[in-house]
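Asks: Read off the chains here:
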Amino acid sequence: MSRAEVEDFLFHEASLLDAWNLDEWLQLLSDDATYRVPSNDQPQSDPKSALFTIADDIRRIRARVTRLQDPHAHAESPRSRTRRMISNVRIVEEKPLVVEANFVIYRFRGNEDVRQYVGRYRHTLEKRDGKLKIKSREAILDAMELASLGTVSFIL
Amino acid sequence: MSVTPLVLNEPQALRFEINRAALVDQKIFDTEREKIFERCWLYVGHESEVREPGDFRTRTICGRPILFCRDTANALRVFLNTCRHRGTVVCREAAGNAERYTCFYHGWTYDRDGKLYAVPGQSAYPPSFDKTRLGLQPPPKVDNYRGFVFLNFDAGAPALKEYLGRATEYIDLVLDQSPSGRMEVIHGTQEYDIRANWKLLVENSFDDYHLITTHATWLDYLKSSGVEIKRPEKGHVLPSHGLGKDLGGGHGTTDNVNFRGRPVAAWIPIYGDAAKPELDRIRSEVTARLGAERAKRVCDTNRNLLIFPNLVLLDGSSVSVRSFQPTAPDRMRVRAWALGPVEETPLARQVRLDSFLTFYGPGGFATPDDIEALESVQTGLGTYKEVQWSPLSRGMAKEGDQLNTDEAHLRAFWVQWDKLMRS
Chain B
1 MSRAEVEDFL FHEASLLDAW NLDEWLQLLS DDATYRVPSN DQPQSDPKSA
51 LFTIADDIRR IRARVTRLQD PHAHAESPRS RTRRMISNVR IVEEKPLVVE
101 ANFVIYRFRG NEDVRQYVGR YRHTLEKRDG KLKIKSREAI LDAMELASLG
151 TVSFIL
Chain U
1 MSVTPLVLNE PQALRFEINR AALVDQKIFD TEREKIFERC WLYVGHESEV
51 REPGDFRTRT ICGRPILFCR DTANALRVFL NTCRHRGTVV CREAAGNAER
101 YTCFYHGWTY DRDGKLYAVP GQSAYPPSFD KTRLGLQPPP KVDNYRGFVF
151 LNFDAGAPAL KEYLGRATEY IDLVLDQSPS GRMEVIHGTQ EYDIRANWKL
201 LVENSFDDYH LITTHATWLD YLKSSGVEIK RPEKGHVLPS HGLGKDLGGG
251 HGTTDNVNFR GRPVAAWIPI YGDAAKPELD RIRSEVTARL GAERAKRVCD
301 TNRNLLIFPN LVLLDGSSVS VRSFQPTAPD RMRVRAWALG PVEETPLARQ
351 VRLDSFLTFY GPGGFATPDD IEALESVQTG LGTYKEVQWS PLSRGMAKEG
401 DQLNTDEAHL RAFWVQWDKL MRS
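Chains B and U supply the protein sequences, listed in that same order. Numbering of the first sequence is given in the numbering used here, commencing with residue 1 and proceeding in unit increments. Numbering of the second sequence is given in the numbering used here, commencing with residue 1 and proceeding in unit increments.
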């Protein structure tokens, strides 16, 4: 697996999320995938013993997508516009394939000022039937606290 | 001099309305700090957040930097986090353990008990310089109720226990989840701003009228995961019966029959089959310890408790301690923690944390929609000079019990707020 392949995959994932193409995004996940955002003050934690902002198993990821597609998910209705910049992509482990990347996600909504979510992705990927799938994805925010970022109502 | 009231309370006419300026106006906001936040008991933190001698946490309370810590004898201490020399914040870390607290500016050093320990070049001060009078200063009053630590900036304030009054019954109900009556704050803080007046979060924290509409997607999530959501009885808007209670002193609570799943101890399919025996075991322990009736109160009711003015204990899908600091008329900083019994097994702890995230917090399935509602209200309140009043009269014409979807408990908050503002 080359870094370029991983990069292409992460760029593709980012484009799906920015386009709110969430059904297609779900296809990138394995059937036991997890999605986590740790609390800002405990970035190196386990959701079994620490409070996270988000700690979804695949069922809750799917439920999250269902919710976000519902106009009654008021926090994202109307939806945010997001634009993800992904860089510094590195393969940090080969087996299993663990990749890290820096991200900046610009979020625009209504007439609010832009909110900038800055942090690091840590994904575990695996190849199934010749295709890369996400087994786990973690978005670790650099902000000391969410503060003016407010909520994490869209998918980081 | 204007005599327009901020709270229009006419029980005979069955009218209760809030002047929207109370949620917008900068002068009212400034008065609140003086009349409410500098007079009332304010939540600092929980004893479990500092455990060993020298453990500390820093936070901002009512605009003051605060040091919450354990001294050498391991007693809980609260200090105003400012050097007695020039005013520098002495402890600038969010949390940690300190042998001593040294101000980096000129090097004044305080010990864990707050005493001024060392002053570089002390001989240059005149003989009247008295180190014993220059220790870290505590707020006028500090006390704790069963591990919840509060401070008061008013030296003449009543004792904490007296201030909490009947709210202690509802704090006790939360603590009864633990076999030893001891709960702990779990690692991980949810800290975020809401662009709305703090009193809107007070209302939102125990107003159940909004549940069906604001949290429609959360209810759908519960339904689709196998939780039975009953149709409301005639005249009701919620799937289960619940009350709203005025506890006096501005404190209030909801007191609701549970339908949503609780870590102690009402299993729902979201928790997974593996957790079922563990929740049964917890349930048996609570029943054996407290008897069937009290166990039902602890396990089968959800309660959102407001401790006036800015502390909320949410005992629902999990237990959350939430306090909020107003930072501007249209802005607040929220801090929320998960609370669990100290004896909890790893499996039960996992269920508790997972259940927390189904509803609460900035990434939960419900809280973001609450925040959206509050911010949307605040935007709408831009019209407060033209659209001046908000009705808060649900349940007013009714004798007897007030429902959680009525507004008696919200009115109780506002009556106390108004009383203090006019004091």
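Honestly, the hints are just simulated from the structure, not real lab data. Errors might be hidden in some of the hints.
[Stated by the list, open to error] Mimicking BS3-like on lysine-lysine, the simulated pairs with C-alpha atoms at most 27 Å apart in a straight line are:
id : chain 1 : residue 1 : chain 2 : residue 2
1  : U       : LYS161    : U       : LYS230
2  : B       : LYS48     : U       : LYS276
3  : B       : LYS95     : B       : LYS133
4  : U       : LYS223    : B       : LYS48
5  : B       : LYS131    : B       : LYS48
6  : U       : LYS419    : U       : LYS385
[What the hints assert, rightly or not] Residues from chain U shown here face chain B by an in silico Cβ test under 8 Å; the list is partial:
id : residue
7  : ALA155
8  : ALA157
9  : GLY188
10 : ASP193
11 : THR217
12 : ASP354
13 : ILE371
Yeah, the Cβ is synthetic: ideal placement off N, Cα and C, and Gly gets one too.
Asks: Now, for every hint given, state plainly whether the structure supports it.
Replies: Tested hints:
no.: 1; hint: U:LYS161 with U:LYS230; in the structure: violated, 39 Å
no.: 2; hint: B:LYS48 with U:LYS276; in the structure: holds, 17 Å
no.: 3; hint: B:LYS95 with B:LYS133; in the structure: holds, 14 Å
no.: 4; hint: U:LYS223 with B:LYS48; in the structure: holds, 25 Å
no.: 5; hint: B:LYS131 with B:LYS48; in the structure: violated, 30 Å
no.: 6; hint: U:LYS419 with U:LYS385; in the structure: holds, 23 Å
no.: 7; hint: ALA155; in the structure: violated, 32 Å
no.: 8; hint: ALA157; in the structure: violated, 30 Å
no.: 9; hint: GLY188; in the structure: holds, 3 Å
no.: 10; hint: ASP193; in the structure: holds, 5 Å
no.: 11; hint: THR217; in the structure: holds, 4 Å
no.: 12; hint: ASP354; in the structure: holds, 7 Å
no.: 13; hint: ILE371; in the structure: holds, 6 Å
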